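Peer 1: Residues per chain are reported as follows:
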Amino acid sequence: MESAALSAGGAGWLSNLVSVATVDNLLHKGQVKGVSGGSAGISADWTAFRYSLNHITDECDEIVTSKRGNGTDNVKPKITSISPPRGLIGVTTSVSISGSGFGGNPTVNAGTGITVTRGTFNDTQIQASFAVASNAPAGNHNVTVTTAQGTSNSDKVFYVQVPYSATFISQISATTLSQAQCSTLGGPPGSAGYQRWVTLELRDSASQAIQRSGVTVDDQLTPSTPNDLGIGSGTTGSTGTDSAGRWPDHFYVCSTVCPGSTGQSNVNQSWTANGTGLGHVNVVIYKCNSITVDGH
Amino acid sequence: MRQITLRIPVFFLMLLLCPWAKSHSLQQRQLADPPTGIAEKRIRAFDVEGLSMLDALLRLGRQEQVPLGIEYLDPRDLDKPISVHLRGTSVGAVVKAILNQRAGYTWRVENGVVLIGHPGLPSGDRNLLDRLLPEFSTSGRTALVTATNLMLPAQLQRYLNPPKPTSGVSGVAGSVLGGRIENQVGPLHLRNVTVRQVLNRLVSEHKNAAWVILAPPAHLDRLPEKGLWYVIEYNAPQNQWSEFMGTLLREYWSSESGGKRK
Numbered sequence: 001m002e003s004a005a006l007s008a009g010g011a012g013w014l015s016n017l018v019s020v021a022t023v024d025n026l027l028h029k030g031q032v033k034g035v036s037g038g039s040a041g042i043s044a045d046w047t048a049f050r051y052s053l054n055h056i057t058d059e060c061d062e063i064v065t066s067k068r069g070n071g072t073d074n075v076k077p078k079i080t081s082i083s084p085p086r087g088l089i090g091v092t093t094s095v096s097i098s099g100s101g102f103g104g105n106p107t108v109n110a111g112t113g114i115t116v117t118r119g120t121f122n123d124t125q126i127q128a129s130f131a132v133a134s135n136a137p138a139g140n141h142n143v144t145v146t147t148a149q150g151t152s153n154s155d156k157v158f159y160v161q162v163p164y165s166a167t168f169i170s171q172i173s174a175t176t177l178s179q180a181q182c183s184t185l186g187g188p189p190g191s192a193g194y195q196r197w198v199t200l201e202l203r204d205s206a207s208q209a210i211q212r213s214g215v216t217v218d219d220q221l222t223p224s225t226p227n228d229l230g231i232g233s234g235t236t237g238s239t240g241t242d243s244a245g246r247w248p249d250h251f252y253v254c255s256t257v258c259p260g261s262t263g264q265s266n267v268n269q270s271w272t273a274n275g276t277g278l279g280h281v282n283v284v285i286y287k288c289n290s291i292t293v294d295g296h
Numbered sequence: 297m298r299q300i301t302l303r304i305p306v307f308f309l310m311l312l313l314c315p316w317a318k319s320h321s322l323q324q325r326q327l328a329d330p331p332t333g334i335a336e337k338r339i340r341a342f343d344v345e346g347l348s349m350l351d352a353l354l355r356l357g358r359q360e361q362v363p364l365g366i367e368y369l370d371p372r373d374l375d376k377p378i379s380v381h382l383r384g385t386s387v388g389a390v391v392k393a394i395l396n397q398r399a400g401y402t403w404r405v406e407n408g409v410v411l412i413g414h415p416g417l418p419s420g421d422r423n424l425l426d427r428l429l430p431e432f433s434t435s436g437r438t439a440l441v442t443a444t445n446l447m448l449p450a451q452l453q454r455y456l457n458p459p460k461p462t463s464g465v466s467g468v469a470g471s472v473l474g475g476r477i478e479n480q481v482g483p484l485h486l487r488n489v490t491v492r493q494v495l496n497r498l499v500s501e502h503k504n505a506a507w508v509i510l511a512p513p514a515h516l517d518r519l520p521e522k523g524l525w526y527v528i529e530y531n532a533p534q535n536q537w538s539e540f541m542g543t544l545l546r547e548y549w550s551s552e553s554g555g556k557r558k
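Residue numbers (the numbering used here), protein chains in the order written: chain Z, 1 to 296; chain C, 297 to 558.
With the rest of the complex left out, here is chain C (with noise of 0.2 Å):
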């Protein structure tokens, strides 16, 4: 008799206290989480000097764990060393100061990624990132490259030109360089999202890495034989990328077929 008049305040107060409980934890952990938007994430100190402006960038990715998708990057640009210096800053106020040195580069945020473009880049059907997908899976947990260089590429394609029944026997093999097996992203099954939202997914899993598009804007609607971007890991054993996505960029940039690798 003693237990049971014990036990049901016991529940009656559980059953009162809980949603007090659950919206007091909501409550706390609003108050506790850092500003929302990535870009007014504070930084006591970023120091770049003689760096290209990817690599300034890639410092500022590395250094806060911000992901990034470089929209537009004109290689010319890679050859231009940089120098910024700023003490009590912001995320947002670095990348304002790296941009402001190179003229036509633009930002902004979205899905926690720090996006740099520019105000000419085309939209819509003349832009392969904004092509919605009506799924995208990666079917368990993968390497963040294969997921960016290899399934993203291989399910755009399977809308852009959907296969053709065939008989016989039928396969594909592939070889996708770079990248390390510890940075492991998914399982995710998304629906009716854009490849630009795809690849922030990927790369703001971890926050630890950027994707590059490699095309100039005029080819943006194309997705050539190599792939249309690169994804650079922030743990990758490289600390400077100018001279590779130079080499990389110039290839696709002085193309006239449109981005196709020689």
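So that you can see chain Z by itself, here it is in the shape it has in the complex (with noise of 0.2 Å):
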């Protein structure tokens, strides 16, 4: 009988999925034990009858592995990474769990401010939107999968991400300005300067760069002390963070004791990110021959 069965087979053994799960069906109603003895019905070469069954049995290996050892049914929710690990506060960020026993209906939590809206799974990954509030707890927040067989490990972590400083990164390029320059610019009469162009890069207070396109970033100058070039007003703007959280900064000073002088003027930088404004000030120190952002 076992041997009819696999004759029926026919060429379509060794690779379509319809005879794999028909040696699978066998395999649950037990009948697959005589396969390897069935051989006397078959008439048909025997060497690639033998090559179709090892195939056959390697296959059934497998199913019966993932079937027993991985076990959807029975077992316990397990998650191994979140992806990405962090978000911005007051916006919603698309996440992947992945891990395993997602299985049946699975739910997801991550803790206060976070409202979860689960996506499409399977066994292994979850899908989800993390719409953090814009009043939820910075810092770490443990996520759990939840489906009939329990909850998971409640080790990682979703870090939400509070704007904190817009942070130097690197140098664009950098001229002196001359007094025709500094006309076009709005500077006073007679005046001369310098610019200076920068990256500058969203970060939270824990120093990591806040990786999301599109925050508006906003920024107000404050003439300080020292003031020796006699800054009494600036222009400053709004743009959006790239993909990284970066965007580029042009800096410029004009002043009627440039380019002579060797003064300086200490400006404070605020910034907002989406209308809340940051923890950190950057200094911007104000020279004929030199601008410089928080040292760099």
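Honestly, the hints are just simulated from the structure, not real lab data. Fair warning: this is a prediction, and the values are worked out from it, not measured in the lab. Using N, Cα and C, we set each Cβ at its ideal position, and we do this for glycine too. Among the hints, erroneous ones may be present.
Simulated restraints, written as ranges between beta carbons of each label pair [unchecked claim]: (1) C:G400 x Z:S243: 27 to 37 Å; (2) C:L486 x Z:N140: 55 to 65 Å; (3) Z:G139 x C:R338: 48 to 58 Å; (4) Z:S270 x C:L428: 31 to 41 Å; (5) C:L417 x Z:G275: 27 to 37 Å; (6) C:D421 x Z:H280: 38 to 48 Å; (7) Z:A131 x C:A341: 31 to 41 Å.
Got two chains here, each in a separate frame; can you build the complex from them with the hints?
Peer 2: What follows is the structure, given as structure tokens:
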């Protein structure tokens, strides 16, 4: 009987899933035992048949292993990773949770202030949206997955980032400004100066980059002391971060005492990100021949 | 002697042929040019699905290298996604298809720039875009955003409020955020141009940017501290601008002080 059943599989044994499913069905019914010995009824080339049987046996082994070993039905869920492992406060982040035992209508919990909407899932992965409230606690949030088999480990975390600083990353370029150039920039008559393009990065209090595109950053300049260059006003603006959380900033200064003066003007550069003030204020030191941001 | 006889006919031949060659070359160039109006520029396919009106327009600008000037953009219109799928079409038809999905928008082409407007926009003294500048200069090549966000407002401000002579030390300092330093424009020395014409000239130099007015129509007669317009470069890292621009626009539109930022 078993031989007849296998013969019916024909050439499809080696490659198609229907044949494997047939053997799988036989396996469940306890009918596979006789396969290796059932060769008597097969008149086709013996070598090819033996190869086919070996192949089917291998596939059967894999199926049996996966059914018994990895267990989708009787095992508690386990989280092995969360990607990305962090997200910005006040916005929604798409998150992928990897692990095992997620089959069977899992629910995801990410702690206070994070509303989770589960998307697609399979036994090893869950797609979810983490809507982080603007008053959610900053820092680590333990994430768990719960199924009918229980609740997962809670040692994997999602870190809620609160913007803290606009950190200097690198210089793009720097040049002196002539009187003619300062005139076009709105400098007082006869003034000259300096300009510098730099890249800044939005970071949280743990100095981790907030890698999200489109965060609105906005600055404000407030002259402090000393103010040897007589800075009375300045232009500021807004821009959006790129996907690395960065943006260019073009600093410039024009003063009637430049280029000759060795004096300096200290200016506090305060920031908002998506309308909320950052904890860190940059100190920008303007001189006739240099501009430094927080000492860089 | 032989050399002379050869040279004279060649010389006269060149004299005779030069005007013809010049006009022929001009004719050839005219024939080879695409249709003069940017609106007639042909597009094989244009597809946007579920984008805001702004992102759809920017997609068109980026895809077809069409500079844009958006004089009117109601932030409420950024929240509603639109879809456009056109084949064998033109820039003008795409603009029309995008704008038709929202009420009250108009469009026209000026200086090679597609301008998006509204019938209710003020003009003349009540709109700074119409302000005539005796001169606008960049004094060399400079980054596009430096020209649009720093030089133009500074030079406009000089005409609106001429600086008073001061004694002693005086200076200005600033920090202009955003922009790509590789997008260099100029040098420009323009005379008797409106602010709108300067903006058009700047964004059309590389056909890779759009200027967007941030203030509502009633507030176009003043220059806010943080600028009246924002320039979006098509090669910026972001490819969707609605969220960012929506935040900016809402700040200006909700401000009772005429667009002065909080």
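Peer 1: All hints, please: hold or fail.
Peer 2: We went through each hint and held it up to the structure:
no., hint, result
1, C:G400 x Z:S243: 27 to 37 Å, "holds, 34 Å"
2, C:L486 x Z:N140: 55 to 65 Å, "holds, 56 Å"
3, Z:G139 x C:R338: 48 to 58 Å, "holds, 55 Å"
4, Z:S270 x C:L428: 31 to 41 Å, "holds, 37 Å"
5, C:L417 x Z:G275: 27 to 37 Å, "holds, 28 Å"
6, C:D421 x Z:H280: 38 to 48 Å, "holds, 44 Å"
7, Z:A131 x C:A341: 31 to 41 Å, "holds, 36 Å"
In this structure, none of the earlier numbered hints is contradicted; all agree with it.
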